[in-house]
Amino acid sequence: MNKQERVEEWEEKIKKIISNYNNLNEKCSAAEDAGTLDIEGNLFNSIWSTFDAMLEIIDPHDWISWYIFDNDCGASKMEAGHGDVLNEITTPRKLAELIVEAEDRYNQNKTIDTTPDIKKAAGLRKTQLVLMPPVAEDLICQVLQSGAEKYGAWNWRLSGIETSTYISAIKRHLAAIHAGEWIDPESDKPHIAHIAAGACIMMDSDSLGGLKRIVVEPEILNPRP
Numbered sequence: 000m001n002k003q004e005r006v007e008e009w010e011e012k013i014k015k016i017i018s019n020y021n022n023l024n025e026k027c028s029a030a031e032d033a034g035t036l037d038i039e040g041n042l043f044n045s046i047w048s049t050f051d052a053m054l055e056i057i058d059p060h061d062w063i064s065w066y067i068f069d070n071d072c073g074a075s076k077m078e079a080g081h082g083d084v085l086n087e088i089t090t091p092r093k094l095a096e097l098i099v100e101a102e103d104r105y106n107q108n109k110t111i112d113t114t115p116d117i118k119k120a121a122g123l124r125k126t127q128l129v130l131m132p133p134v135a136e137d138l139i140c141q142v143l144q145s146g147a148e149k150y151g152a153w154n155w156r157l158s159g160i161e162t163s164t165y166i167s168a169i170k171r172h173l174a175a176i177h178a179g180e181w182i183d184p185e186s187d188k189p190h191i192a193h194i195a196a197g198a199c200i201m202m203d204s205d206s207l208g209g210l211k212r213i214v215v216e217p218e219i220l221n222p223r224p
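Start counting the sequence shown at 0; every next residue gets the next number (numbering that gives the first Met the number 0).
In short, the hints are calculated from the structure, not lab data. Treat the hints loosely; a few may be bogus.
Straight-line distance between alpha carbons at most 27 Å, and here's what the computed DSS-like set of lysine-lysine pairs gives [unchecked claim]:
1) K2 - K93
2) K93 - K76
3) K12 - K2
4) K149 - K93
5) K211 - K170
6) K188 - K76
7) K211 - K149
8) K12 - K26
9) K15 - K26
10) K93 - K14
11) K15 - K2
12) K76 - K12
13) K76 - K14
14) K14 - K2
15) K12 - K93
16) K76 - K15
17) K26 - K14
18) K170 - K149
19) K188 - K170
20) K76 - K2
Please model the complete structure; the sequences and the hints are all you need to start from.
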């Protein structure tokens, strides 16, 4: 089989997988809308676990998985390639050519990296978690660990929280810093770390729908005589 035929074979394979994915996704969405499929249930998980297992067999290097899920079947116009040469992968044909090129490089036993740097290209478009200063992450986790010892890890996820509780705590720590106290005498951790930890907890709770926003009306702050 020559290179052109191999590209065409991969292209057809990719198209079939995308077609199966779209059909499965549409049927699951229709079943969910009809109330016959729980997206958090075992059946839903089994359906997509089977699809993922099939992809792992056909696509051990995650090329097709990346194309479907991260690159939105080419709509996101993400780039991938070999070495420093990256190209937009917008069609099954382009992905097929990339895969065949990687196969050829591997078979020729070249010393350069033969795997398209797909994950790097996709990763650069995601949140760069490495930008979090390690010292800040460490101090925040120290505060969260102290809280876990008192109230249990992830305790705020159990019943939800109110913004007023954490805003009040943050203001107390800010007041202490303003008064010249940098270290919390109770925890022996910086007040600023407590402030950051409280903000992290509110963001996490909000992302899960458990944050109750308590709005203090002006009339409550300044009651009329």
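Taking the numbered hints from earlier one at a time, note which ones the structure violates and give those numbers from smallest to largest. 4, 6
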